[in-house]
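K.L.:
Chains as they are written, first to last, in our numbering: chain C, 73 to 249; chain F, 14 to 331.
Treat the hints with care, since some could be wrong.
[Stated by the list, open to error] Far from chain F, by Cβ distances over 10 Å, these chain C residues were calculated:
hint : residue
1    : 99
2    : 164
3    : 167
4    : 178
[Claimed, not checked] Derived pair list, reagent style DSBU-like, types lysine-lysine, alpha-carbon separation capped at 30 Å:
hint : chain 1 : residue 1 : chain 2 : residue 2
5    : F       : 309       : C       : 232
6    : F       : 145       : C       : 199
7    : C       : 150       : F       : 145
8    : C       : 199       : F       : 189
9    : F       : 85        : C       : 157
10   : F       : 85        : C       : 232
[Claimed, not checked] Quick look at which bits of chain C chain F covers, simulated, 3 or more residues with Cβ under 8 Å:
hint : stretch
11   : 81–89
12   : 113–127
In case anyone wonders, no lab produced these hints; they're calculated from the structure.
We put the CB at the ideal spot given by N, CA and C, even for glycine.
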Amino acid sequence: MSLVFYISSFIAILSTIMVITRYQPIHALLYLVVSFLALAVTFLSLGAPFAAALQVIVYAGAIVVLFIFVVMMLNLGKQTAQQEKEWLQLRAWLGPSILSLVLLAEMAVLLLQDAPEAMPATVVTPKQVSLSLYGEYIIAVELVGFLLMTGIVGAAHIGKHKKKSLHRFLQTYPNLN
Amino acid sequence: MTVMQHIWIVLGVLFVFLNIAAGLIWVERRLLALWQDRLGPNRAGPLGLFIVLADTLKLFFKEDWIPPFADKWVFILAPAIVVASVLMGIAIIPFAPGIVVADLNVGLMFFLAMSSLGVYSIVLGGWASNNKYSLLGALRGASQMIAYEVFMGLSLMGVVMLSKSFNLTDIVNAQKGLWFVVTQPIGFVVFFIAGLAETHRLPFDIPEAESELIAGFHSEYSGMKFGMFFIGEYLGISLISAMTATLFFGGWLGPAFLPPVVWFFLKTFLFIGLFILLRASLPRPRYDQLMGYGWKLLLPLVLLNLLVTGAIALWLRS
Numbered sequence: 073m074s075l076v077f078y079i080s081s082f083i084a085i086l087s088t089i090m091v092i093t094r095y096q097p098i099h100a101l102l103y104l105v106v107s108f109l110a111l112a113v114t115f116l117s118l119g120a121p122f123a124a125a126l127q128v129i130v131y132a133g134a135i136v137v138l139f140i141f142v143v144m145m146l147n148l149g150k151q152t153a154q155q156e157k158e159w160l161q162l163r164a165w166l167g168p169s170i171l172s173l174v175l176l177a178e179m180a181v182l183l184l185q186d187a188p189e190a191m192p193a194t195v196v197t198p199k200q201v202s203l204s205l206y207g208e209y210i211i212a213v214e215l216v217g218f219l220l221m222t223g224i225v226g227a228a229h230i231g232k233h234k235k236k237s238l239h240r241f242l243q244t245y246p247n248l249n
Numbered sequence: 014m015t016v017m018q019h020i021w022i023v024l025g026v027l028f029v030f031l032n033i034a035a036g037l038i039w040v041e042r043r044l045l046a047l048w049q050d051r052l053g054p055n056r057a058g059p060l061g062l063f064i065v066l067a068d069t070l071k072l073f074f075k076e077d078w079i080p081p082f083a084d085k086w087v088f089i090l091a092p093a094i095v096v097a098s099v100l101m102g103i104a105i106i107p108f109a110p111g112i113v114v115a116d117l118n119v120g121l122m123f124f125l126a127m128s129s130l131g132v133y134s135i136v137l138g139g140w141a142s143n144n145k146y147s148l149l150g151a152l153r154g155a156s157q158m159i160a161y162e163v164f165m166g167l168s169l170m171g172v173v174m175l176s177k178s179f180n181l182t183d184i185v186n187a188q189k190g191l192w193f194v195v196t197q198p199i200g201f202v203v204f205f206i207a208g209l210a211e212t213h214r215l216p217f218d219i220p221e222a223e224s225e226l227i228a229g230f231h232s233e234y235s236g237m238k239f240g241m242f243f244i245g246e247y248l249g250i251s252l253i254s255a256m257t258a259t260l261f262f263g264g265w266l267g268p269a270f271l272p273p274v275v276w277f278f279l280k281t282f283l284f285i286g287l288f289i290l291l292r293a294s295l296p297r298p299r300y301d302q303l304m305g306y307g308w309k310l311l312l313p314l315v316l317l318n319l320l321v322t323g324a325i326a327l328w329l330r331s
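Isolated chain C, as found in the complex (with noise of 0.2 Å):
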């Protein structure tokens, strides 16, 4: 299982990288979607089938489609891509590079010391999950609740618009649509 997991992690840094790179949004996007979906394998490799599969629905399968959709209705063409390109310039590597580098240095240095054989791999189930979730973490369950309502909420109120009737019929019987 242990060579799973790290086959997809390394699939998953690399699209990632790959998302940064990218000049043309939607191919950013789709390298995003391999990123989720490498994540998801990850979760699996740790005994997490229930994290893999809502990692799947969520945000593979909801959020980044949305973003697509955004993205689409952008209609960024060639300029975009070249804009990108002048911003991302060598210069603005640097500092990144270095943080993550030492960051990889610790990592090394970590694995090297303890050399973790087995996985602590324990399958959890949807039921564990669920229990959890409106056991102990169920105020935190309802505060995002409340949290998506007023996303809601102000979704509404932003389309919320009168619709107007340029036909003569339509606006003697506004009911009429």
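With chain C's structure known, arrange chain F on it following the hints.
P.N.:
Using the frame of chain C, we list chain F on its own:
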């Protein structure tokens, strides 16, 4: 189960489902003709069966053209996604006791995950075509499928509550006394409607509405790339029909005079027939009607169903 047996099951399921998908070309045209009082394809071969062969050959030998203005790699990727995601979904269906490709303990979640990935084929195909009609189709497809995914998932949770498992074999075994269609009628109806929308079949084929969008997201596709969308749609019908039979009509369960696999496929074909009957009989709604119907009618209905099912399940336990 040995490795060889497993490989045979995988190959068998692939063979059967790809052949069903191809055979549906003929079945759909003949049934539509029957219901619309015409003859349908009846010339090539016995009962016109060779239309399948003719159609497949035509698709294979047509020029496979990629428009110069399209985004080449995304354009090629899109039709592959639809077939791959549907075939992955088929992997969790139990055809008979022991005959299943992957007996996952989160099988139902896996099915939902795969059907939610299917939306990428429409979105990417429409975007990569670089054509305004395709883009409009893709936009419609994306919002339709995201919306109806919600009801599809919620309508199945009643079944999960009653069978106490996400595993499809357990769900079928939980229906030994009574099929879930009796205890979850609303769940069944909403699941089937959401399945229609997920496979974007008539009356919900708004992403490809011929009369306004000239086939929508796949209007730039030709040859076998179009064929993949075509086969993907038929595979999607078979998948939703098989899932309906498994989740609400007892899967392979049935009187003992026929083997379990036969019962399973009989039920599946019944729902495929229902898909085609709906196409023959219902007109296409307008786009806002579709979304309003989903969010204003199906969502409250399915939430209410969930609430009542949960209450009754708790009451029975205490």
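K.L.:
Which numbered hints are broken by the structure, listed smallest first?
P.N.:
1, 6, 10 and 11
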